[in-house]
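Colleague: This is what each chain is made of:
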Amino acid sequence: MIVIDEYIAARVVGGNWPAEMPDDELGLPASRHWRLLQALHGGRGGQLTQILSPLSPAGRDGIRHPHPEVLQVLDPRPLLDEAAILAARFGGTGLLTAETLAAGLAHGELWFGIPANVGRLLERAASELGVAVHVATT
Amino acid sequence: MGVSVGEELLEERRRRRRAGDPRLSDADRELLRRLTTGDLVDEFQAALDAVSAADPLIGGGETGNDE
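For the record, the sequence lines run as chains A and B.
Under the working numbering, think of the first position of the first sequence as 1395, with each following residue one higher.
Under the working numbering, think of the first position of the second sequence as 9, with each following residue one higher.
I should point out that these hints are in silico values taken from the structure, not numbers from a laboratory.
Everything hinted at is true.
Over 12 Å on every C-beta distance to chain A, these chain B residues come out as not near it, computed from the model:
#1 Val11
#2 Val13
#3 Glu16
Partner residues are not named here, just some residues of chain A that face chain B (Cβ under 7 Å, in silico):
#4 Arg1405
#5 Trp1411
#6 Ser1425
#7 Ile1445
#8 Leu1449
#9 Gly1488
#10 Leu1489
#11 Ala1510
Which residues of chain A face chain B? A partial, calculated answer using Cβ under 7 Å:
#12 Tyr1401
#13 Ala1404
#14 Val1407
A virtual CB, placed ideally from N, CA and C, is assigned to each residue, including glycine.
Construct the entire structure; sequences and hints are all you get.
Modeller: Shown next as structure tokens:
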């Protein structure tokens, strides 16, 4: 399984698979799905909520409840203990980074849609942990 | 020797995965394309960062974009 970020998730839901990404099952950490949902529902998404307003009900549902054959939202429960260990080890990391790192450790590699969404702390910790971080370029 | 049933099923599953969610319209797909690889990328990142910044449990004092 490949662990992905919000960008790759939105891309593959729309059928825009990055050319260089291997073909495999995809898993989106629950905290990253939470960020997508906050943006979609207007909790803290600000302008993005307006931008997403033209989405059809089916389009919104594709984000809210991803089609299981396209991607899976990862169950956070088996990742929480490792995430807490990693948060303590690296310090200053919230659930987003800690859970993503734990998922990367469990599944081997992380794929992001743009460099800005990786974050320096995650990049440094992943390097130390031996978790491969890829950024799609196509 | 022909392709096995298992290989056929795996290939079909791969095609469905790569095709994306079949419920989406072309307009939905275009909006998601602009958001992830087009002119709306910065707005998307700003929105994700805003969620992290507003929720210490998620962001822990950093955003995804902590450059």
